[in-house]
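K.L.:
Can you build the whole structure from these sequences, using the hints too?
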Amino acid sequence: MLIGEVARRSGVSARMLRHYESLGLVRPTGRTGAGYREYSDEDIRRVFHIESLRSLGLSLREVGSALDDPGFAPAELVEDLVRRTRERIATETALLTRLRRIGAAEPAGWEDVLQVVALLQALGSESAGKRQRAALSSAEDVPVPTEALVEAALSEPDPIVAGALRWALAHTADGGSPALLAEGLGSPDAAVRKRAAQSLAELPGGAATALLRTALTHPDVEVRRCAAPALGARGVAEAVPTLIDMVVDATRDVDAADALGALAGSPELAERIAGALVDRLADGAAAPAVRRRVAQALADIPGDTASRALDELSRDEDRAVALTAAYILTLREER
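Everything in the sequence shown is counted per this note's numbering, starting at 32 for the first residue and increasing by one.
By construction, these hints were calculated from the structure, which means they are not laboratory data. The structure displayed is predicted, hence computed values, not measured ones. Cβ coordinates follow ideal geometry from the N, Cα and C atoms, glycine included. Worth double-checking, as some hints may not be accurate.
Pairwise CB distance ranges, derived in the manner of DEER restraints [stated by the list, open to error]: (1) SER86 with THR63: 30 to 40 angstroms; (2) LEU112 with SER44: 52 to 62 angstroms; (3) ALA222 with LEU145: 50 to 60 angstroms; (4) PHE103 with ASP143: 26 to 36 angstroms; (5) ASP99 with TYR67: 53 to 63 angstroms; (6) HIS202 with THR122: 24 to 34 angstroms; (7) LEU33 with LEU145: 52 to 62 angstroms; (8) ALA222 with ARG119: 23 to 33 angstroms.
P.N.:
As structure tokens, this is what we get:
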């Protein structure tokens with residue numbers, strides 16, 4: 032079969048067939064009387080073998096080794112191809128993500144594109160200072176796409192930079208995309224779940240509040256503890272049990288007490304909160320430190336139940352507890 036017919040049947044151009052011949056990959060077994068290359072059936076099968084191996088990503092040198100080296104180990108090469116393909120996919124995926132984020136910023140010109148690229152690079156910098164500056168500058172004329180801010184916030188280990196990123200998210204045009212942050216609540220990484228809850232806690236709006244309500248029943252206690260103070264500040268009474276647990280357990284107890292005070296606006300809810308706090312003292316097993324924290328939490332809870340509890344605590348056998356409760360009673364009387 033002449034080279035033109037081989038090219039037509041195999042889909043490999045005559046020029047490429049000549050290139051294969053120059054590399055020694057496939058050599059026509061004969062020539063016609065006029066000197067034209069003539070391929071045998073075995074030659075044609077080899078052409079198809081070459082193309083099959085090339086389709087797997089092998090270089091022409093690797094194809095030659097695969098076909099001609101008796102000691103060639105295909106399993107090792109396939110594993111290497113898997114690794115290289117994964118690396119290529121990761122690189123292409125990162126590029127696609129960056130392009131989508133640049134497009135989401137809706138740049139008006141190439142200057143805007145360059146600014147977005149610079150900010151994205153700064154967010155991925157090894158320097159915490161550069162990451163912080165990028166977060167704080169993201170609310171300017173060419174903002175960083177929210178998706179990039181969310182990704183940075185969920186992965187940021189530095190608490191100062193993380194705070195800047197949460198601030199930036201709260202000031203985005205789309206309200207920080209609570210739904211994107213909510214995905215972080217399902218992460219297998221506890222640190223990511225906590226960062227997601229912290230970020231949601233600083234977002235304004237009903238969407239963030241609804242997600243924080245859901246977070247109150249999250250199996251991760253750290254997520255619940257991030258959500259409860261934010262919900263208390265927003266007037267969500269469902270946060271009361273978690274807030275009281277935080278007071279008793281000395282976990283951000285000052286924030287929890289502040290949130291309980293913010294919730295105690297109505298007499299009915301104030302009595303409910305005071306009663307729940309007092310219940311933690313009822314069995315007499317509460318340690319002095321717990322009694323003192325409960326006294327401090329009762330400071331901003333109006334009503335008779337809180338006053339009676341403080342009066343009793345002012346006579347506590349532990350001097351620190353008694354002094355704390357007595358001082359709080361004095362302040363209440365002055366108010």
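K.L.:
Next step is simple, just say for each hint if it's right about the structure.
P.N.:
Here is how each hint holds up against the structure:
Remark: the range hint 30 to 40 angstroms for SER86 to THR63 is upheld by a beta-carbon distance near 31 angstroms. Look at LEU112 against SER44: about 25 angstroms separates their beta carbons, and that is not inside 52 to 62 angstroms. Evaluation of the 50 to 60 angstroms hint for ALA222 and LEU145 yields a failure: the beta carbon distance comes to about 33 angstroms. Range check, PHE103 to ASP143: about 52 angstroms between beta-carbon atoms, so the 26 to 36 angstroms window is missed.
Our hint of 53 to 63 angstroms for ASP99 and TYR67 is violated, since their Cβ atoms are close to 26 angstroms apart. Remark: the range hint 24 to 34 angstroms for HIS202 to THR122 is upheld by a beta-carbon distance near 32 angstroms. Range check, LEU33 to LEU145: about 55 angstroms between beta-carbon atoms, so the 52 to 62 angstroms window is met. At roughly 30 angstroms, the beta-carbon separation of ALA222 and ARG119 lies within the given 23 to 33 angstroms, and the hint holds.
This entry does not satisfy hints 2, 3, 4, 5, going by the numbered hints stated previously.
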